[in-house]
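Chemist: Whenever a hint applies, use it, and build me the whole structure from the sequences.
There are 2 protein chains.
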Amino acid sequence: MELWFSEVQTKNLSMSVRVKETLYMGKSDFQDIAVVDTYEFGRMLVLDGVFQTSIFDEYIYHEMIAHVPLFTHPDPKKVLVIGGGDGGSIREVVKHSGIKSVEMVEIDGLVVEVSKKFLPEISAALLENNPKVDLKIGDGIGHMTKAENTYDVIIVDCSDPIGPGEGLFTYGFYKDIYKALKPDGLFVQQTESPFYHQPLLQRLNKDIKSLFPITRTYLANIPLYPGGAHSFTIGSKKYDPLEVDLGGAPDLNTRYYNKDLHKSCFYLPNFIKELLK
Amino acid sequence: MELWFSEVQTKNLSMSVRVKETLYMGKSDFQDIAVVDTYEFGRMLVLDGVFQTSIFDEYIYHEMIAHVPLFTHPDPKKVLVIGGGDGGSIREVVKHSGIKSVEMVEIDGLVVEVSKKFLPEISAALLENNPKVDLKIGDGIGHMTKAENTYDVIIVDCSDPIGPGEGLFTYGFYKDIYKALKPDGLFVQQTESPFYHQPLLQRLNKDIKSLFPITRTYLANIPLYPGGAHSFTIGSKKYDPLEVDLGGAPDLNTRYYNKDLHKSCFYLPNFIKELLK
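Chains as they are written, first to last, in our numbering: chain A, 44 to 320; chain B, 44 to 320.
What the hints contain is simulated information worked out from the structure, not anything from laboratory work.
No experiment lies behind these values; they were computed from the predicted model shown.
Some hints here could point you the wrong way.
One copy or two, either will do: identical chains are not told apart, so a pair holds if it fits within one copy or between any two.
Said to hold, decoys possible - Result set (DSSO-like, lysine-lysine): computed pairs, CA atoms no more than 27 Å apart in a straight line:
hint, residue 1, residue 2
1, Lys120, Lys281
2, Lys316, Lys302
3, Lys252, Lys302
4, Lys316, Lys138
5, Lys70, Lys302
6, Lys252, Lys143
7, Lys63, Lys159
8, Lys320, Lys280
9, Lys159, Lys143
10, Lys159, Lys249
11, Lys320, Lys138
12, Lys143, Lys120
13, Lys175, Lys252
14, Lys175, Lys120
15, Lys306, Lys320
Modeler: This is the structure in structure tokens:
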């Protein structure tokens with residue numbers, strides 16, 4: 044008998060993976076949570092039926108959302124992660140030895156607990172109780188309204204713009220991010236698929252551009268996500284990821300990110316350049 | 044009622060698309076051929092159950108397999124396409140005005156006929172009877188054994204290494220390609236997914252490296268293919284795609300390819316660099 048699990052990626056497209064075992068199924072105040080062990084992707088975190096991250100390819104998303112902004116800032120000391128309950132982004136952030144503290148504000152404590160139990164490779168920095176990491180279970184939007192001139196880099200590692208992630212894709216949220224960043228700060232957000240979420244990517248880009256002098260979108264190949272290409276957008280007050288000199292930057296232990304990719308990931312195909320004009 | 048069509052991408056992974064209409068189903072001497080109209084990808088060519096190309100994203104594959112090698116050669120005049128029965132590669136090749144002749148050797152005449160009828164946007168250069176194009180229905184492997192010191196650029200636009208495409212993924216075939224190229228010639232082949240066909244990509248890379256002084260692998264984002272990332276490998280006798288000066292090259296009318304991507308597509312993630320060491 045073969046058990047398959049399907050994600051409806053768009054109403055006309057779905058991806059199905061063959062399942063070994065369902066390790067966890069539960070429901071938090073915010074969403075349905077599942078961990079499924081699959082043949083192709085290994086263990087996967089699934090929220091409200093949407094594939095979030097997998098042992099097979101999680102390093103791509105987490106390395107790219109963390110190292111591109113962190114190496115764009117010449118000396119990040121204080122970092123904030125909004126979301127990122129699986130702990131993967133934090134694991135990459137703490138590879139930067141100059142960082143003094145990383146706050147993480149995740150709305151759903153059950154995602155953190157489930158990830159620590161079933162995805163220890165991803166949640167490593169949370170399991171180790173890394174002293175630089177300050178985990179808060181709470182609302183990222185509320186947190187941002189109060190913060191001012193505090194962070195060097197903010198990483199918005201959120202799920203899709205439905206359910207608890209919705210308010211993280213708004214102009215008001217970006218205004219608060221701007222306020223929460225230091226005068227030379229920058230932030231990054233995952234901005235979904237450049238193939239299947241074009242109106243969203245376009246709107247976010249416009250919103251971020253209206254606040255930040257430097258706005259840049261970059262791509263990474265992530266098989267788990269619709270179309271296999273995923274976009275991230277940086278809003279920066281001062282530093283341009285395309286201008287940064289990485290000559291002296293340390294070579295971190297990474298499986299996807301490297302110094303050449305740091306810039307080449309910003310060179311977009313014509314159809315995306317056209318979209319973001 | 045909803046009709047869905049699934050492709051088994053690996054034995055543990057499948058992609059399903061919602062179907063509007065099946066436009067064609069037939070069988071040639073070589074393979075099963077279908078054209079299906081879908082909501083997400085528009086009309087799609089399917090060979091032996093494998094999604095080959097779609098109106099939605101075909102330009103990515105065809106632009107990237109044609110323009111990267113053609114702009115690497117400073118003055119390509121004589122070009123050969125092996126396979127490419129849908130006509131998409133030829134359509135891109137003839138955008139290079141300096142090219143005097145393009146031979147195309149496709150084994151399956153029915154693929155050409157079906158593409159001309161159901162995918163006219165893709166087969167445009169064949170439909171127009173472009174005078175530079177010389178279409179031969181026949182065996183690409185046999186053709187290569189006879190050719191010598193003839194072509195500036197050879198494009199191997201083949202299907203998967205099962206069925207009629209199998210012999211196009213062998214050392215013997217690459218030896219014949221080397222012989223068929225002029226002393227400064229180069230060739231490109233689609234070399235499948237860097238996520239799901241790693242042993243194949245590794246073997247082809249080794250074979251090509253053992254014959255050509257310059258071997259380079261590049262990537263493109265193609266949602267229709269497994270994992271959404273597709274690889275291409277260039278074997279070149281003289282010109283290095285990373286060294287070429289594109290300053291004076293014309294800006295062709297392309298939706299994916301551009302001069303920045305020409306080089307950035309060769310910057311590979313660490314896991315692929317590691318694989319190809």
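Chemist: If a hint holds in the structure, say so; if it doesn't, say that too.
Modeler: Results for each hint:
For the identical chains of this complex, lysine 120 and lysine 281 are intra-copy neighbours only, at 16 Å inside a copy versus 47 Å across copies, given an alpha-carbon limit of 27 Å. Proximity of lysine 316 and lysine 302 under a CA criterion of 27 Å is satisfied in both settings, with 23 Å inside one chain copy and 13 Å between copies. In this assembly of identical chains, the alpha carbons of lysine 252 and lysine 302 lie at most 27 Å apart whether taken from the same copy (25 Å) or from different copies (25 Å). Taking the shortest alpha-carbon separations for lysine 316 and lysine 138, only the inter-copy value of 21 Å comes in at or below 27 Å, while the best intra-copy value is 32 Å.
In this assembly of identical chains, lysine 70 and lysine 302 lie within 27 Å of each other by CA distance neither inside one copy nor across copies; the values are 41 Å within and 49 Å between. Taking CA atoms no more than 27 Å apart as the test, lysine 252 paired with lysine 143 passes in neither setting, with 29 Å inside one copy and 46 Å between copies. Taking identical chains as interchangeable, the C-alpha atoms of lysine 63 and lysine 159 lie at most 27 Å apart only when both belong to the same chain, with a minimum of 20 Å there against 44 Å between chains. Taking the shortest Cα distances, lysine 320 and lysine 280 sit within 27 Å of each other inside one copy (20 Å), while across copies they are farther apart (39 Å).
Only within a single protomer do lysine 159 and lysine 143 lie at most 27 Å apart by alpha-carbon distance; the minimum there is 23 Å, versus 62 Å between protomers. Neither within a single protomer nor between protomers do lysine 159 and lysine 249 lie at most 27 Å apart by alpha-carbon distance, with minima of 37 Å and 41 Å respectively. Proximity of lysine 320 and lysine 138 under a CA criterion of 27 Å is satisfied inter-copy only: 25 Å between copies versus 35 Å inside one chain copy. Within a single copy, lysine 143 and lysine 120 get their C-alpha atoms as close as 5 Å, which meets the 27 Å cut-off; across copies the closest is 59 Å, which misses it.
Taking the shortest Cα distances, lysine 175 and lysine 252 never come within 27 Å of each other, neither inside one copy (32 Å) nor across copies (46 Å). Proximity of lysine 175 and lysine 120 under a CA criterion of 27 Å is satisfied intra-copy only: 11 Å inside one chain copy versus 61 Å between copies. When the C-alpha separation of lysine 306 and lysine 320 is checked against a cutoff of 27 Å, the pair qualifies both within a copy, at 19 Å, and between copies, at 22 Å.
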